[in-house]
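Enquirer: Residue strings, one per chain:
Number of protein chains: 2
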Amino acid sequence: MSAAARDLEDMVEECPADSNEAGWAGVCQGCPGKELCLSQGSQPDPEQQVIDTRLGAIRHKVLVLSGKGGVGKSTMAVLLAQILAGEGQRVGLLDVDVCGPSIPHLLGVEDQPVLDSQWGWQPVVSPLGKIKTLSVGSLLSSQSQAVVWKGPRKTALIRRMIKDTLWGRLDTLVVDTPPGTSDEHLTIVRLLATTRPSGAVILTSPQRLAAGVVSREIRFCQKMNVPVLGIIENMSGFCCPCCSEVSEVFPGGAGAHLAEKYRVPLLGAVPLDLGLAEAGVSCGWRDSPVAQAVRDMVAKIKEKL
Amino acid sequence: MSAAARDLEDMVEECPADSNEAGWAGVCQGCPGKELCLSQGSQPDPEQQVIDTRLGAIRHKVLVLSGKGGVGKSTMAVLLAQILAGEGQRVGLLDVDVCGPSIPHLLGVEDQPVLDSQWGWQPVVSPLGKIKTLSVGSLLSSQSQAVVWKGPRKTALIRRMIKDTLWGRLDTLVVDTPPGTSDEHLTIVRLLATTRPSGAVILTSPQRLAAGVVSREIRFCQKMNVPVLGIIENMSGFCCPCCSEVSEVFPGGAGAHLAEKYRVPLLGAVPLDLGLAEAGVSCGWRDSPVAQAVRDMVAKIKEKL
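Protein chains in written order, with full-length UniProt numbering: chain A, 1 to 305; chain B, 1 to 305.
Simulated from the structure, these hints should not be mistaken for lab results. Glycine is no exception: its CB is placed at the ideal position from the N, C-alpha and C atoms. Treat the hints loosely; a few may be bogus.
Stated by the list, open to error - Which residues of chain A face chain B? A few of them, derived with a C-beta cut under 7 Å, are:
#1 G67
#2 C99
#3 C242
#4 E245
#5 L272
Using the sequences and the hints given, assemble the complete structure.
Expert: The following block contains the structure:
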């Protein structure tokens, strides 16, 4: 291993410091914050009780994760929520993608503001299946403002979205996340730790390129004790509307490859659907080939909850 | 506007603090760090001179940005670098996507470590067109390790990649970025500020959903004084290999929509290419329909440099 690589390997991943030197020392022995670190470990977070009360009223908490962007996390999160809501469950959908929230657009609640009541933020209710939803997209007035979100501020916002949102009793809370393994993921998993997340659904596209990035997400789950419910391979082939020839738009079979490598279930492969892409999730998709594939997967997910 | 929204609007975006309260106060008047903030503004960064010397030897610095993930940023960055290198330019490719580095895979240098010489980190040279490249993927020994990268640590790493890398003289440095507008983007743009980036190429996929997220990236560039060289709409249609029918796999025309809205040039629309997706960028793509589209765009980009 090169000196440069070894230098990075030595980093202390769990270092809580927010300075530029966080984790770089490689060892904690000489750190002036060592005592504080050790003492904090035993002190409970004073806000955790509020968080646990809120989350304790939610039976299942399912994370939708993918190391890679643009693989359809948000669309899949919405489909999952819609199918569960269609079965009569009380469903919530939390969008912790701070930089690129897509959920308000997908659920048709783009212009609905979040009300700040005396009991906390009131999630917006989507007309598409009575799904309660909270997203940064609903909290900020203009979608297109270029807010730069530095890590600690993301953490603070997600913390507040968990602590201050009045979900009430829910059967399932689906959590849509941004790509990567960064502040957002660490924050949400830590906040859910005491009430235990039911698990994570991991999305990938079929390319081998995606497999490398998505495998980090699986290792992240393993490390943080989040059960992996399974892998979904999305954008798996495209059916030509003219001649019905199915082409592998993105070839590679990354889903099966990852499932085998990490011994996690492959929940299914979902083809690209022109109807879904055109109409959005609001209508039409219920009769599409995607719909059945997703319904089968939801059935498999429910078995594991 | 709801109370919740107003609360968020009041945040001070440029607040440099790394605490959880950063920017939340809404006003700086009562902040204990106010004096420090004001004094720091006038002090030059002691490392900036080293950074400027390194970057001063690089003629053009082109950022490849997209608010949305999975739109082909890395592939487009590699194609851009390859075409420029093919014209005889000395080209570097810096991958600042800390959580999901794809460049080593795309350039076929996955197993090559970065050497730490006395003059700094030696970028790896790709056999595909003699492109010098540096990526976190090359700095870490195992691609799949689940490193959680908190914001400040990303900043420190990118800073080091800029300060310590021995690029030497280059005609063009292409910078591939992660999705979003977060720590990575703020860091790279600030580090390039004194030597001036030539501009940013902004990628989008055709969906309207992408347009909302990508428009944040354009506003980010405008705010940070990074010229927008133009917009590329990627994954714009799929040509069925069986019947040659071209379908809009992702319909929407977001590229043209964004170009018109923000009055920036639309550099072109690139179709999905099965050959490129299958073979990777290593071979075969030079004769594909994508190749000509990308070459035309590179010509347009070069006019603006």
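Enquirer: Does each hint fit the structure? Answer for all of them.
Expert: These are the hints, each one checked on the structure:
no., hint, in the structure
1, G67, "5 Å, holds"
2, C99, "3 Å, holds"
3, C242, "4 Å, holds"
4, E245, "4 Å, holds"
5, L272, "6 Å, holds"
The structure meets every hint from the earlier list without exception.
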